[in-house]
Amino acid sequence: MAPVTARLKSCPEGPPKRLTIVLNLFMPVILLAACAARAQMPTYSNVGRTPTAEEIRAWDFAIGVDGKELPPGKGTAKDGAPIYARKCARCHGATGEEGPLMRLVGGKGTLTSMTPLRTVGSYWAFATTVWDYINRAMPPDEERSFTADEVYALTAFLLYRNGIIAESDVMDAKTLPKVQMPNRNGFIPQRIEEIPDARKRGCRLGHCP
Amino acid sequence: MNSKQSGRRRFLKGSAALAGLAVGGIRSASAQALDSGTSGTGSQDPHVYGQRSRFETSARVGALGVYEPGPNGPTRRDLGFRTPLQDSIGIITPAPLHFILSHGFETVDVDPRQHRLLIHGLVDRPLMLTVEELKRLPSVSRIHFLECNANGDPARAVRRAPSATVQQTHGLTSCSIWTGVPLAVLLREAGVQKGASWLIAEGAEQDFHTKSIPLAKGMDDVLVAWGQNGEPLRPEQGYPIRLIVPGWEGINSVKFLRRIKLADQPTMGMREISKYSSLRLDGKGRWFQFEMGPKSVITRPSGGQRLPGRGFYEITGLAWSGGGAIRRVEVSTDGGLTWKDAQLDGPVHPKAHTRFGFPWTWNGEETVLLSRCTDERGEVQPTIAELATFWRVNVDYFRSVAMIVGHFNAIQPWKVIRDGSVENALYS
Numbered sequence: 005m006a007p008v009t010a011r012l013k014s015c016p017e018g019p020p021k022r023l024t025i026v027l028n029l030f031m032p033v034i035l036l037a038a039c040a041a042r043a044q045m046p047t048y049s050n051v052g053r054t055p056t057a058e059e060i061r062a063w064d065f066a067i068g069v070d071g072k073e074l075p076p077g078k079g080t081a082k083d084g085a086p087i088y089a090r091k092c093a094r095c096h097g098a099t100g101e102e103g104p105l106m107r108l109v110g111g112k113g114t115l116t117s118m119t120p121l122r123t124v125g126s127y128w129a130f131a132t133t134v135w136d137y138i139n140r141a142m143p144p145d146e147e148r149s150f151t152a153d154e155v156y157a158l159t160a161f162l163l164y165r166n167g168i169i170a171e172s173d174v175m176d177a178k179t180l181p182k183v184q185m186p187n188r189n190g191f192i193p194q195r196i197e198e199i200p201d202a203r204k205r206g207c208r209l210g211h212c213p
Numbered sequence: 016m017n018s019k020q021s022g023r024r025r026f027l028k029g030s031a032a033l034a035g036l037a038v039g040g041i042r043s044a045s046a047q048a049l050d051s052g053t054s055g056t057g058s059q060d061p062h063v064y065g066q067r068s069r070f071e072t073s074a075r076v077g078a079l080g081v082y083e084p085g086p087n088g089p090t091r092r093d094l095g096f097r098t099p100l101q102d103s104i105g106i107i108t109p110a111p112l113h114f115i116l117s118h119g120f121e122t123v124d125v126d127p128r129q130h131r132l133l134i135h136g137l138v139d140r141p142l143m144l145t146v147e148e149l150k151r152l153p154s155v156s157r158i159h160f161l162e163c164n165a166n167g168d169p170a171r172a173v174r175r176a177p178s179a180t181v182q183q184t185h186g187l188t189s190c191s192i193w194t195g196v197p198l199a200v201l202l203r204e205a206g207v208q209k210g211a212s213w214l215i216a217e218g219a220e221q222d223f224h225t226k227s228i229p230l231a232k233g234m235d236d237v238l239v240a241w242g243q244n245g246e247p248l249r250p251e252q253g254y255p256i257r258l259i260v261p262g263w264e265g266i267n268s269v270k271f272l273r274r275i276k277l278a279d280q281p282t283m284g285m286r287e288i289s290k291y292s293s294l295r296l297d298g299k300g301r302w303f304q305f306e307m308g309p310k311s312v313i314t315r316p317s318g319g320q321r322l323p324g325r326g327f328y329e330i331t332g333l334a335w336s337g338g339g340a341i342r343r344v345e346v347s348t349d350g351g352l353t354w355k356d357a358q359l360d361g362p363v364h365p366k367a368h369t370r371f372g373f374p375w376t377w378n379g380e381e382t383v384l385l386s387r388c389t390d391e392r393g394e395v396q397p398t399i400a401e402l403a404t405f406w407r408v409n410v411d412y413f414r415s416v417a418m419i420v421g422h423f424n425a426i427q428p429w430k431v432i433r434d435g436s437v438e439n440a441l442y443s
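Order-wise, the sequence lines are chains E and U. With this note's numbering applied, the first sequence closes on residue 213, and no number is skipped along the way. With this note's numbering applied, the second sequence closes on residue 443, and no number is skipped along the way.
In case anyone wonders, no lab produced these hints; they're calculated from the structure. Predicted, not measured: the structure shown is a model, and the values here were computed from it. Virtual Cβ for every residue (Gly too), placed ideally from N, Cα, C. Heads up, some of the hints might be wrong.
[Said to hold, decoys possible] If the Cβ cut is set under 10 Å, some of the chain U residues that face chain E in the computed set are:
#, residue
1, Glu71
2, Ser73
3, Ala74
4, Gly77
5, Pro109
6, Pro111
7, Ser156
8, Thr225
9, Glu287
10, Phe303
11, Pro374
12, Thr376
13, Glu380
14, Tyr412
15, Ser415
16, Ala417
Input sequences plus hints: build the corresponding full structure.
Shown next as structure tokens:
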């Protein structure tokens, strides 16, 4: 294939760029991707506005697996036990094993059985997910009412009850993302970077039955 | 704000005050028609807002049954509601009959004047849009199915029973014409930065449902939709705006959409790492399965119906695939011994319900009716035995395992008994 020089006329919003590219079957895809990535100016004037940094901070409470977004605060399982008893036990059971809704503790050794119990301890891959969901959604009808300290304490309590950390271990923005979950390697694909690749997900064609 | 006293409503109001604007998702009791010049929405006069004939009673049924109240726990309503596919006509599901799956949460009463969509993260220009601003952008209308990944789950008692109807076996799929702005348009406006590979979508329901979607899909065919079958989204479908992620597990099509964050990795939210991963008997979970496979089902005759006697019947049903358009549907009227091509009743849209028909004269003898489809990539709907092979289990596993089995797209057999009654024969 001969190298050609192409002008990206198909990107009206961007300044024209001269690029040397190799013509191949994937060229249309490359051009489209270039349009997406190289957009310099919005196409539609005065539609929407720029949010302030404060607005974004107020809306953006998602916590990723690296825990970069975790706020200051700390807590231990000991701190979490009374909060759990007051706010969580009614749905998840006195020890977290009983339910009736979403059992959070136990289930070790059940994943290969006909009655698998997928709890924080037996199944969840990331401790940060525990923090994120408590902070985002708990308790029902009082969502986002826990302080950061309370969320750290409740997360520590569930990790302790599942035998993952000690009762006095302090969970904070530094320690929580470092917690190794027992089932972290129990997923296909194991590496997060491989998830978008259908073959790595074990799919036939695009579909994973 | 005083977080000890704050519920969700207080939080939203607090952050709204902080941000200097009202935030979408407030469960306002005062949502009114936008234009005070329009008629009141409460009118019962069918000349003002039409109603179906009093002889028509087709309805959704709540049948998910996973939000059971405990002895001392709070009672939470079953908010899984299934579409009556046995009554389906053509390929479009009327919005009032579209299936609902809300993970146990009540529908949020969102005032569209207050609702905002925030696009931020790895973008050159973070954007805050009102619903009216979204509607100023170029829009498209696309016919797509939405299907819950647990549709057809083979282990539930009601699914296994001979008495199961097609609503109980397959009612967590529906198909609509969705109108909205392509997400790619919004992402271009925001200017996606190099290094972004995922988008994280978030809804304004009670638990701020969150879902990670690869950016390539977002640039492909995802819509930010406000219209469904020629009218605004119904509240239980995510009014005023929702994501439509064609062909993928319904959980990706985030309702009450409030935020899209561009990121370099998925957020690993509660649902995507737990309930929506597919655990296999070897103990390995498959997460992020995304695409729904090719599936078809005969809707008439189907479970619970009764043929009044021998003679001619048009067999009709629906086929769909997350992999694209349906290319072929075959029907067997002899329990799978022979297969013949069914007629596809166009138009055939990619990632949409496709209606098929097959002429059949019943001789009055017991038999089993089956359908199987093939999509444009050549993938064929599997038998339950083929699925078992893929899962490395025997067929009995699907009947016995105490877990929701997602992505179950096996061929559905309906047994016609000599008295004309039709039964679910998945395991016979």
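Of the hints stated earlier, which fail here?
-> Of the numbered hints, 1, 2, 3, 4, 5, 6, 7, 11, 12, 13 do not hold.
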